[in-house]
Every structure is written in C-alpha cells, then in structure tokens.
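J.: So you can see what is in the structure, the chains are spelled out below.
Protein chains: 2
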Amino acid sequence: MNIVLLDPRQTESELWNISAKRQVEHLKTHVDVQVGDTLKVGIREGKRYLTQIVSITDNGIQLKPLQEEEVPAKHPVTLIVAMPRPKVLRRLIMDAVTLGVEKIILLHSYRVDKSYWQTPFLQQLDHYVTLGLEQAGDTIAPKIELYKRFKPFVEDVLPSMISSDYPAYVAHPYVEDVMPTGIQHGCTIIIGPEGGFIPYEVDLLIKNGCQAVSLGNRIIRTETVIPYVLGRLFSC
Amino acid sequence: MNIVLLDPRQTESELWNISAKRQVEHLKTHVDVQVGDTLKVGIREGKRYLTQIVSITDNGIQLKPLQEEEVPAKHPVTLIVAMPRPKVLRRLIMDAVTLGVEKIILLHSYRVDKSYWQTPFLQQLDHYVTLGLEQAGDTIAPKIELYKRFKPFVEDVLPSMISSDYPAYVAHPYVEDVMPTGIQHGCTIIIGPEGGFIPYEVDLLIKNGCQAVSLGNRIIRTETVIPYVLGRLFSC
Chain W
1 MNIVLLDPRQ
11 TESELWNISA
21 KRQVEHLKTH
31 VDVQVGDTLK
41 VGIREGKRYL
51 TQIVSITDNG
61 IQLKPLQEEE
71 VPAKHPVTLI
81 VAMPRPKVLR
91 RLIMDAVTLG
101 VEKIILLHSY
111 RVDKSYWQTP
121 FLQQLDHYVT
131 LGLEQAGDTI
141 APKIELYKRF
151 KPFVEDVLPS
161 MISSDYPAYV
171 AHPYVEDVMP
181 TGIQHGCTII
191 IGPEGGFIPY
201 EVDLLIKNGC
211 QAVSLGNRII
221 RTETVIPYVL
231 GRLFSC
Chain P
1 MNIVLLDPRQ
11 TESELWNISA
21 KRQVEHLKTH
31 VDVQVGDTLK
41 VGIREGKRYL
51 TQIVSITDNG
61 IQLKPLQEEE
71 VPAKHPVTLI
81 VAMPRPKVLR
91 RLIMDAVTLG
101 VEKIILLHSY
111 RVDKSYWQTP
121 FLQQLDHYVT
131 LGLEQAGDTI
141 APKIELYKRF
151 KPFVEDVLPS
161 MISSDYPAYV
171 AHPYVEDVMP
181 TGIQHGCTII
191 IGPEGGFIPY
201 EVDLLIKNGC
211 QAVSLGNRII
221 RTETVIPYVL
231 GRLFSC
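Protein sequence lines, in the order shown, are assigned to chains W and P. Under UniProt numbering, the first sequence has 67 at position 67, and the numbering climbs by one with no breaks. Under UniProt numbering, the second sequence has 215 at position 215, and the numbering climbs by one with no breaks.
By construction, these hints were calculated from the structure, which means they are not laboratory data. Any given hint could turn out to be false.
Unchecked claim - Straight-line C-alpha distance at most 20 Å; calculated EDC-like pairs for lysine to aspartate or glutamate:
id: 1; chain 1: P; residue 1: LYS103; chain 2: P; residue 2: ASP126
id: 2; chain 1: P; residue 1: LYS28; chain 2: W; residue 2: GLU194
id: 3; chain 1: W; residue 1: LYS74; chain 2: W; residue 2: GLU45
id: 4; chain 1: P; residue 1: LYS87; chain 2: P; residue 2: GLU145
id: 5; chain 1: P; residue 1: LYS64; chain 2: P; residue 2: ASP113
id: 6; chain 1: W; residue 1: LYS103; chain 2: W; residue 2: GLU45
id: 7; chain 1: W; residue 1: LYS103; chain 2: W; residue 2: ASP165
id: 8; chain 1: P; residue 1: LYS87; chain 2: P; residue 2: ASP113
id: 9; chain 1: P; residue 1: LYS40; chain 2: W; residue 2: GLU194
id: 10; chain 1: W; residue 1: LYS28; chain 2: P; residue 2: ASP113
id: 11; chain 1: W; residue 1: LYS207; chain 2: W; residue 2: ASP177
id: 12; chain 1: W; residue 1: LYS40; chain 2: P; residue 2: GLU194
id: 13; chain 1: P; residue 1: LYS148; chain 2: P; residue 2: ASP177
id: 14; chain 1: W; residue 1: LYS103; chain 2: W; residue 2: GLU68
id: 15; chain 1: W; residue 1: LYS103; chain 2: W; residue 2: ASP126
id: 16; chain 1: W; residue 1: LYS28; chain 2: P; residue 2: GLU194
id: 17; chain 1: P; residue 1: LYS28; chain 2: W; residue 2: ASP113
id: 18; chain 1: W; residue 1: LYS64; chain 2: W; residue 2: ASP37
Just so we're clear, the structure is a prediction, and the values are computed from it rather than from any experiment.
Please take these sequences and the hints and turn them into a complete structure.
T.: Below you can see the structure in the form of structure tokens.
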C-alpha cells in the first residue's frame with residue numbers, strides 16, 4: 001500500500017477520515033502511523049494528495065490535505081486475456097492495474113476451463129483493482145469487461161477497437177514477426193490461455209485485424225508475460 | 001511443463017525413462033500421454049530433444065530420442081534481489097529462471113526480515129529452478145548465490161562484477177536517470193526489498209559502481225518488476 005485510496009465521500013468534510021478496517025489495520029500495524037506523520041492519499045477516480053495525520057481515534061484515522069500530488073499516467077493499452085485460473089486472475093488484475101493498463105478484457109477461449117467463470121474472485125475484482133491502485137499510487141481504475149463467447153467478441157467487438165495507430169498484437173509462438181519494442185502509440189495485447197489459443201482462434205484473430213507476434217523461444221506464464229510485454233512495448 | 005527435464009543418468013541407455021512421480025503424474029493426468037506421442041525432453045545442463053513415447057509402464061514412461069532441438073539462449077544478466085518473503089521468493093526464482101536470467105544473487109538488506117533466511121524454501125530452490133526450466137523449455141540452471149551481509153558483498157564482491165560493458169543498475173524511485181532500454185550488452189539489475197533500500201544502502205551501491213535508475217512513478221512489486229525490467233532491457 002503506497003497510497004491510501006479513499007472514496008470521494010470520505011473527503012467531503014474539512015478533515016478526511018480513513019475508516020476501512022483493512023486500511024486502518026495496515027496503517028496501525030505495518031506502518032505504525034502517528035499523529036503528525038504525512039500520508040499519501042488518493043481519491044478514487046480523482047486526485048492524489050500528501051496529507052497529514054491529525055488524530056487517530058476508534059472511528060479511524062483523520063487527515064488534512066497538505067498538497068496535491070501527481071497521479072501517474074496510464075499506458076495506452078488494452079489487455080485482452082483468456083480467462084485464467086482463479087489464483088492467476090487475482091494476481092493478473094493486480095499487476096495489470098499496478099502497471100497502468102487502461103482497459104482489461106477477460107475472454108473465453110477453447111482451452112479455458114468453463115468453471116473459471118464461476119470463481120467468486122469475479123465478484124471481488126474491485127477489491128483487487130483497489131490493491132493494485134494502492135500499490136502503484138494510482139487513483140483511476142481501469143475498465144474491466146468480460147466476454148464469455150470468443151467468436152462474437154472477435155468478429156463483432158474487436159475490429160472496432162483496432163486502427164493503424166492502435167494495432168492489436170496476439171502473443172503467439174512459432175511466428176516470424178516479433179513483438180515490437182518501444183512503441184509510441186497505443187495498442188491492444190492479446191494473451192492466450194495455458195496451452196495457447198487453438199489454431200482456429202489464432203486464425204480468427206488474424207482475420208479480424210490482429211497481428212500474430214512472437215516473444216522468442218521461451219514459453220512464459222500468463223502472469224509473467226504481462227509485465228514482460230508491457231516493459232518491452234513501452235520502453236521508450 | 002513445456003519440456004520434461006531429465007537427469008543425464010536417466011538418458012544413458014538406449015531408451016530413456018521418466019520415473020519422477022511429479023513428472024509421470026503430470027504427463028498421465030494433465031497431458032494424457034499415449035504410446036507413440038512425441039514429447040519434448042531436456043537433459044539437465046545438456047541438450048534438448050524431441051522424443052517419442054515407446055511404452056508406459058509401472059516404472060515410468062520410456063522414450064526414444066528423435067532429433068535434437070535448440071535450447072533457448074539466456075539473457076546476459078545477473079539479478080541481485082534483496083531477500084523477499086518466502087512466498088515471493090518461490091515465484092521470483094521460477095520467473096527469473098523462465099525468463100532466462102543467467103545468475104541470481106539473494107542479498108540481505110536493512111528492510112529484509114531476518115526470518116526470511118530461515119525459510120525451508122531455500123532448501124528447495126533447486127525444485128523451483130527445475131519448474132522454471134521446464135516452463136521455459138530450458139535445460140541450464142542459473143547460478144544462485146546467497147549473501148547474508150550487505151556491506152561485505154557490496155564492497156568486496158560487487159565491484160569485480162561491474163565493468164563498462166556489464167554495468168549494474170539499481171532500480172530506485174525519485175532519481176532522474178531512467179532504466180535503459182534495448183541494451184546490447186550484459187548487465188546486473190539490483191532490486192531492493194519491500195519499502196526499498198535505505199539511503200545508506202543506495203549510497204553504498206552507487207559508491208561501489210552502481211547506477212541508480214528510475215522506472216517511472218509507479219511503484220511495482222518485486223515479483224512484477226523483474227519481468228517488467230527484463231522486457232525493457234532486452235527489447236531489441
């Protein structure tokens with residue numbers, strides 16, 4: 001937790017109040033906050049501030065804002081991922097948020113186990129988004145969309161997201177083109193499931209405007225490939 | 001598991017034998033292997049082969065090699081990481097191995113909890129190295145070294161690892177220089193603990209030849225920053 005994220009309603013009075021049990025306990029136990037300490041605070045979907053702790057009571061931790069701070073910019077990137085195992089999903093959401101992805105799409109695919117769509121984590125995505133934002137020092141949640149049918153998404157939704165200055169790259173082994181580096185424009189990145197997209201899916205993606213690109217001859221897990229690709233694409 | 005890693009002793013006779021319970025169970029349960037299937041196999045510290053399954057018995061799975069395959073090249077990089085929490089350590093080792101890091105050094109630092117050095121995971125590093133190699137399709141384990149004292153390592157060991165074509169970069173927020181991109185030479189990457197190196201440690205690293213470089217204004221977790229930095233550095 002590198003900032004404390006507050007709901008706008010918690011910052012309406014002159015003194016702001018941190019009341020969420022998770023945040024209060026973390027600040028008391030791990031950070032050992034004291035009256036007079038400064039604390040970085042973000043307002044959800046809003047600005048970021050350096051604040052000072054005015055009092056610590058049974059109702060929470062009371063703050064006054066000192067000065068505005070910069071909210072880190074996002075990468076102009078849409079991440080489309082074949083729905084991963086629940087444990088991986090949690091990390092993937094947190095990491096994608098921390099790294100500044102603008103939009104996340106979870107997509108069904110042939111090799112995705114249908115049970116993955118039943119995970120209770122899907123009801124808790126907002127919690128993992130919050131953790132990712134608090135890690136990064138960001139305040140703006142990415143958009144998250146779910147598409148449980150591959151073909152209608154790829155044929156009817158995806159093409160309208162692709163343009164010459166916002167291409168879509170499918171990570172795919174065994175192709176000659178390589179994933180670009182240090183790009184100066186936005187893009188969509190498409191990551192398959194464990195075991196990869198099936199040939200029919202790759203063909204349909206390419207037919208609908210995507211470029212299949214390789215990341216070299218190492219096979220990298222979904223949750224690892226996302227920071228690896230983002231570091232590579234936005235390295236300028 | 002994208003290849004099955006065998007000990008050289010398992011490949012001495014004409015037919016090779018997969019006997020490790022973990023590997024046999026994975027291949028039977030998840031891959032549902034059958035006699036006649038081809039299987040990618042690596043010999044630890046050796047070559048990689050496409051093989052064919054000749055028989056499946058109570059003793060394991062018997063193979064014959066068909067043809068040699070390419071072992072993926074490593075990145076010329078040494079990763080020095082402040083000893084992380086045990087759970088993070090496990091992932092970090094697997095990811096660093098999967099991504100092709102040549103050498104990993106685990107280092108003590110002021111903000112590292114001393115108890116981390118007692119974790120049983122340290123006795124199982126070789127297992128996580130194996131999992132990382134099997135994920136990547138690699139056969140060569142990176143060197144792993146442990147240094148439980150920060151100052152003697154930084155003053156007596158680190159300087160001899162640094163040269164003009166093998167610089168050392170400390171990831172550090174709030175500095176003006178940024179982490180380079182698309183480098184064509186080897187390097188050492190130094191990643192601090194949760195909460196970062198203390199100023200004394202950063203100063204000592206710089207005094208002994210390291211360059212402090214920033215990764216931007218998002219604060220990224222240790223296990224996420226490693227693939228992010230590797231993607232960025234070796235993006236050419």
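J.: Take a quick look at whether P:LYS40 and W:GLU194 sit within 20 Å of each other, Cα to Cα.
T.: Given that 20 Å is the threshold and the Cα spacing comes to 17 Å, the pair holds.
J.: Holds or violated: W:LYS103 with W:GLU68, Cα cutoff 20 Å?
T.: violated, 26 Å
J.: Starting from P:LYS64, check that the Cα of P:ASP113 is at most 20 Å away, please.
T.: violated, 49 Å
J.: Sort out whether P:GLU194 lies within 20 Å of W:LYS40, counting only the CA atoms.
T.: holds, 17 Å
J.: Do the alpha carbons of W:LYS103 and W:ASP126 lie within 20 Å of each other, as the hint requires?
T.: holds, 14 Å
J.: Under the criterion that the straight-line Cα-Cα distance not exceed 20 Å, is the pair W:LYS207, W:ASP177 satisfied?
T.: Holds, at roughly 16 Å.
J.: Are the Cα atoms of P:LYS148 and P:ASP177 separated by 20 Å or less?
T.: violated, 29 Å
J.: Does the structure keep W:LYS64 and W:ASP37 at a Cα separation of 20 Å or less?
T.: Holds, at roughly 11 Å.
J.: Within a Cα-Cα threshold of 20 Å, do W:LYS28 and P:GLU194 meet the stated pairing?
T.: Holds: W:LYS28 and P:GLU194 sit about 17 Å apart, inside 20 Å.
J.: With the threshold set at 20 Å, check whether the alpha-carbon distance from P:LYS87 to P:GLU145 stays at or below it.
T.: holds, 19 Å
J.: Within 20 Å, alpha carbon to alpha carbon, are P:LYS28 and W:GLU194?
T.: holds, 17 Å
J.: Is it true that the CA of W:LYS74 sits at most 20 Å from the CA of W:GLU45?
T.: holds, 13 Å
In this structure, the earlier hints numbered 5, 13, 14 are contradicted, and the remaining ones agree with it.
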